[in-house]
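> These protein sequence lines are chains Y and C, in that order.
Note that numbering that gives the first Met the number 0 has the first sequence beginning at 0, numbered continuously upward.
Note that numbering that gives the first Met the number 0 has the second sequence beginning at 0, numbered continuously upward.
All the pointers check out, no bait thrown in.
So the derived label-pair ranges between C-beta atoms look like this:
#	chain 1	residue 1	chain 2	residue 2	range
1	Y	Leu375	C	Trp29	29 to 37 Å
2	C	Trp29	Y	Val298	24 to 32 Å
3	C	Ser40	Y	Gln133	28 to 36 Å
4	C	Trp29	Y	Leu166	40 to 48 Å
5	Y	Ser401	C	Leu41	43 to 51 Å
The set of hints was computed from the structure by calculation and includes no laboratory data.
Given the structure is predicted, the values throughout are model-derived calculations rather than measurements.
Beta carbons are placed, not taken as given, at the ideal position from N, Cα and C, and that holds for glycine.
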Amino acid sequence: MQLKRPPSALHLGLMAASCALLSPAARVQAADSVEQPFELDSALLYYKENSGRVQTIEPVVSLKKDFGDQRILGGTFTVDSLSGATPNGALPSRKPQTFASPSSTSLIPQPGKKTTLYTIVPGNLPQDPHFKEQRFAGDADWSQPLGLDNTLSFGGHASTEHDFDSLSVHTDYSRDFNEKNTTLSAGVSEEYDQIHAHGGNPVPGSDYELYEHEGGQTKTVSGALIGVTQIMARNWLMDLNYTYDHSEGYLTDPYRILSVLDPLGSVTGYRYENRPDSRGRQGLYWVNKVAFGTTVLDVSYRRGKDSWGIGSDTVDAHLRIDLGRGVYLEPHLRWYHQSAADFYDLYLSAATPAPQFMSADPRLAAFIGTTAGLKLGVTIGRYGEMSLRLEEYEQRPSDQSSALPQLQGLNLNPNLTATIAQLSWRLQF
Amino acid sequence: MRVRLPLRVLIGWITTLSLCGCQTVGIKPWQHDILARPAMSLVSDPMAAAIDDHIYFSKEAASGGRNFGGGGCGCN
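Please construct the entire structure, taking both the sequences and the accompanying hints into account.
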């Protein structure tokens with residue numbers, strides 16, 4: 000009987016190498032190392048607020064290319080067309096109120112000056128009906144590995160509007176540990192903005208009727224981020240980030256004013272708002288992603304705090320439910336709460352000197368914001384997808400009334416509701 | 000920063016995991032099948048995430064978290 004010869008060391012080595020090459024991990028690694036097709040991600044956003052307020056149509060196109068070995072170049076181009084009425088910060092009144100659109104250079108028609116007036120009927124929230132803006136924005140990012148466990152990425156952003164230009168750069172570094180179960184990342188960003196409001200930037204805090212304007216202004220925003228991403232289990236991924244940013248410069252909204260009221264609540268005049276010229280913001284963001292079979296839950300919590308006295312909490316949850324045949328449904332719920340800025344108030348009192356800083360911008364008020372929506376998606380292959388999402392956003396301010404006699408019965412800071420519709424298409428070529 | 004209840008819960012949760020869960024947290028290289036699904040990437044729909052970041056940046060005082068805090072827009 001002839002005995003079968005035991006495999007040689009060379010045979011064993013070749014068998015091991017073959018098995019390694021056929022393993023899924025090796026296949027993924029091999030796929031990662033070669034050039035990948037282009038990835039195109041596009042969307043059309045329609046956003047509309049209630050009561051004839053702002054609406055926008057925004058096409059976005061994003062292109063990404065993996066040149067192999069995780070060397071990835073990405074770029075995004077956005078066009079944002081906005082129109083509609085936007086609140087100017089003044090309160091509703093029992094009497095008609097007349098304002099000038101920001102492009103005006105005088106409140107009173109006179110030779111050589113441009114004056115576009117609008118009148119608000121009693122009881123209505125003062126809104127400038129002439130708001131119109133178009134924004135073009137471009138982003139580019141490059142990401143590449145450094146050795147086996149490190150990734151370096153950097154990118155930039157540029158955007159332009161009629162009254163605002165922005166340039167920013169950022170760089171991020173990440174390092175994998177613990178068999179790639181843990182990733183630590185850190186990044187910094189720097190942004191430079193130019194603000195040149197229609198009709199000139201108002202002198203912050205100045206009397207509205209004096210129409211004191213000055214030249215263009217600038218602001219800078221420096222940001223930093225540190226984070227840890229941890230694989231918790233085969234079906235559970237977690238990410239925790241701390242962010243800090245510091246803004247400095249012209250942080251006032253050039254189009255916002257405040258009503259000045261007498262002790263009865265009647266309007267005696269208006270002032271432009273005035274915000275501090277620096278602001279520090281901190282944020283702690285924690286997200287968990289868990290798969291239950293083919294269903295995926297994405298739930299996050301964010302705590303924010305800034306040097307203007309605003310604290311915020313955000314809870315955001317998406318549940319992706321696989322319906323089979325590449326079709327999925329994704330309900331979305333979001334809850335947001337913020338406290339008011341230290342210098343926020345609905346109005347100024349004529350009986351006391353104007354404070355150093357003041358704003359009646361509803362975005363600096365205390366409010367609760369909720370979002371509810373649903374997305375329907377159809378996946379095409381591994382990367383391709385078409386989806387449609389419809390969402391409703393509502394903002395409910397805490398402070399909507401006043402005890403002043405002339406203001407009783409008026410809604411001074413009405414709820415905001417907005418409809419969000421997004422059609423997306425993603426493909427590889 | 001004044002520590003509020005949700006933040007305390009978060010810190011407690013992370014501390015508990017760090018102290019007790021180190022031996023069981025994480026997976027082996029051949030167990031990435033579920034996490035490799037596109038739906039399991041941290042940001043599975045980058046376009047929708049970017050659009051949402053822009054909308055909420057223009058309407059609320061807080062922004063960012065997932066990455067840097069927005070910006071590049073005169074809307075806020």
